[in-house]
Amino acid sequence: MRVTEVRPSEEVCHEAGWFAWDFYLEKPLTEEDIGRFRPLGSFLYLSSLKKPFFKSEGEYFHIKGIRGEDHFRAAVHAQHTDFLNMLRERLEDT
Amino acid sequence: MIYLNHAATSWPKPQCVVDALIRYTQAVPEGQGRSSLGTGRGDILQECRESLGRLLGVKETERIFLTSGATEGANLVLRGMDWRDCRIYVAQTEHNCILRPLWNLPGILDRVRILPCDGKGFLKLSALQEIPQGKGAVIVSHCSNVTGAVQPMADISEYVRKKGYFFIGDVSQSLGCIPVCGDEWGADVLIFTGHKGLLGPQGTGGVYIRDGLTPAPLKYGGTGRESGRLAYRPGEYEYEPGTQNLPGIAALKAGADYVYGIGVEQIYRKEQEDMERLFLGLERADGFCLFGPGREEPRGPVLSFEMNGLRPADLSYILRENYEILVRDGLHCAPLIHEAIGSGKDGTLRVSISYGTKKEELDALTEAVREIGGALSHACDRSTAF
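From first to last, the protein sequence lines stand for chains F and H. Counting along the first sequence from 1, when you hit position 54 you're at 58 in the working numbering, and nothing is skipped either side. Counting along the second sequence from 1, when you hit position 236 you're at 246 in the working numbering, and nothing is skipped either side.
So that you can see chain H by itself, here it is in the shape it has in the complex (with noise of 0.2 angstroms):
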């Protein structure tokens, strides 16, 4: 079996991961500050968001919350902020784990603007330009989940910052697999996942909320620190409470500090590279349409697909049953992206690789994809022309 659906999820974990996540569950329980049990471990909380802040670019790791996911991270901000005469700006490519907050906000949903990205899935930079001085905030995902368009978000964060806005970026497309510079970009809130390019389990992230910015927490509950103070100030609040996901934090630290280990830079050329192959051998086959960055503009591990005559979800069917291939197709969650890029109500065939991902895979892909095209393209047996 072939697995090119890292998007979704990284597949497989390394040994390191899986080795800290039963470790961890085996070894004697730590109290998470709020028993007298010293295990001689240290703070695995701590220590993971050391971890993550070195991968983030982010020196504030005690601003850094974890939560289940990018989803939990996205609505912790999105709706614990404040937004009363605010503008919340969106870009075009999100997923709906920032578009469905927003979208079930109440009271919100005449201040939110979509910024439009182009036919590749890059944010039009103009767009930003218009953006009136005000107050609210700018989301953009670093890297597009459909079409691996990596975005400039150095620049977008300048443009923002200028305009007197919060720049919120949606890392969890990009973490692990492309440099993230968390600080230089000047980003208020990091929102990341850790089950993909960080390699750790799945129900595993976080958000980084830089120091000043206190969204009203989604949950309560106890946290083992002043547990006689029933309700928190403005601004004085806790965003971990309950008891963690402990051996998950500790085999997602165990991902990070392997991606670190490895590098990131390093990761990101080795899949360009890839990236690269596969789209020198899909760019030749018949009846087929890429979508997203050309060759020589910045791509993430994403690319996306469609083959004339073939719904994406009959083509990744295609690819399962007779190739054994794992892809995904479909909206992959972000469903105002389509419009822009012209892919339909059916979505794309979206193919994401990983650092381990094999050139072979690769060009057994390839090779299915042309056997299908010429299937398609020699099919006698047919009653409508597509």
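Okay, chain F solo, but in the shape it has when bound (with noise of 0.2 angstroms):
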């Protein structure tokens, strides 16, 4: 999974303390790629909605997408931003 952008979010959700970024891919998210984020945290994958929703989520990220989109959305607590790189270089990896 080879991610070719990573920008903030607009979505606003600092109210809760929480910074967004989206992590945009060379390719449409395909369910295979949605297993990688498995083993992050929490995951929770919604299969039978029209866009299929998944998330995965740990003490301080948030990451949520649909299949098919060309991006995700991670999301941290200000002081742990370090995970954004850290998730970049594992999905690169994988």
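Everything labelled a hint here was simulated from the structure, so no lab data went into it. Don't take every hint at face value.
Said to hold, decoys possible - List time: in silico EDC-like cross-link candidates among lysine to aspartate or glutamate, alpha-carbon distance up to 20 angstroms: (1) F/Lys31 x F/Glu63; (2) H/Lys69 x H/Asp284; (3) F/Lys55 x H/Glu377; (4) F/Lys54 x H/Glu334; (5) F/Lys54 x H/Glu377; (6) F/Lys54 x H/Asp221; (7) F/Lys54 x H/Asp373; (8) F/Lys31 x H/Glu334; (9) F/Lys55 x H/Asp221; (10) F/Lys55 x H/Glu381.
With the hints in hand, could you dock these two chains into one complex?
The structure is reproduced here in structure tokens:
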């Protein structure tokens, strides 16, 4: 999974202390891609929705996206922005 | 796209509002009383005050001051009044446009008290009874922007005035949607915005300050009157210095007149019916928790809920991506109420409607939420139980 760009999300979740970034991908997310988020944290996949939704979350991060989209969203607490680099490396390694 | 975020800002605006904005921008500028140029169009500021006065239920329309919105109106009063030896009681339901001016006002916080609300967002009237005789102010929002609970303002005002305090009402979420009766309530101050129920543009709003209350202005500048006098004598202030947002004010007047033309009672009735339809639809969805007033209790055009297993932000994301439904998630800039209603640090998902909202749009939301609830209850691909 190659990440082409990471940019601040237009979604405003600062209110609860989260800051979000959108990760843009070379190709649309497949079910196999989504499976790579499973080990990161607590995982949920709503496959029966018209546009299947997934999320993976831990103590200081939230990841969510839609199968078939060329991007997903990662939100972290302000003091954990290093998670974003780790996430990118981890996804590009697999 | 289905827009159900009218408590943030109403959309679309009526054509008359758009037309007024364009017409005023294109017309020969008025002098705001500072020029020999007569446009023959009258004084848009005063006309707007009169239009607003009908909806605010106040006769002293010259005491309605136009600002950039409720936040500026609240700051003008809260930061401009002399609160020495005063206490300020603020409802737990309040928005940050009230809380932050207070919390950042030097030397006042130890004299600010929170008036608790119940689990639905209604102010506990017993807490009002416990307020000691004294001086200061009690600040209450007419309609909660989180739960939609509509407060009994006349009753609250009566308690407040008996105790010797000023009564400050924030009608930002109710004006244009729910009848507001400033004079009947005996309100000393009414804070409002122009871009929600009044259907005006963003960057408009104001504050009614009854005669006799004279907060020091936040801003000083040219007003076109008595320009040779540089310093004001205490209490003889002016509150609208500088060039005003006249196109916005013309559009706000158009919005207020549009609302008045339909009738606020009619708008309230229609929105009540729509909220009931929504309430009944959502009540039956699986894994679902509604916050705020019950079916029979007074509610504005706002409804908050959460769904077990999904954060409000996730639900909002799914609604937008899957169903093109726009709502709002989070604390809604009213951070204190969430403890009372039990909605937690992620807040709620809020649906808010307007007079123009269609029944099919509400049904689409209900159907979408049920589908999501169904998908959630059948989700076998989850690594941790929520």
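Going down the list of hints, with the structure as the test:
Among the hinted pairs, F/Lys31 with F/Glu63 is inconsistent with the structure: their alpha-carbon atoms are about 29 angstroms apart, more than 20 angstroms. About 32 angstroms separates the Cα atoms of H/Lys69 and H/Asp284, which puts this hinted pair outside 20 angstroms; it is violated. At roughly 15 angstroms between alpha-carbon atoms, F/Lys55 and H/Glu377 fall within 20 angstroms of each other, so this suggested pair holds. For the suggested pair F/Lys54 and H/Glu334, the alpha carbons sit about 12 angstroms apart, so the restraint of at most 20 angstroms is met.
Annotation: proposed proximity of F/Lys54 to H/Glu377 holds, straight-line Cα distance about 13 angstroms (limit 20 angstroms). Of the supplied pair hints, the one linking F/Lys54 and H/Asp221 is violated, its CA atoms being roughly 59 angstroms apart against a limit of 20 angstroms. For the hint pairing F/Lys54 with H/Asp373, the CA-to-CA distance comes to about 18 angstroms; that is within 20 angstroms, so the pair holds. Between the alpha carbons of F/Lys31 and H/Glu334 the distance comes to roughly 23 angstroms, so the proposed pair goes past 20 angstroms and is violated.
With a C-alpha separation of about 58 angstroms, the suggested pair F/Lys55 and H/Asp221 falls outside the 20 angstroms cut-off, and the hint is violated. About 12 angstroms separates the Cα atoms of F/Lys55 and H/Glu381, which keeps this hinted pair within 20 angstroms; it holds.
Hint compliance for this structure: hints 1, 2, 6, 8 and 9 are broken, all remaining hints hold.
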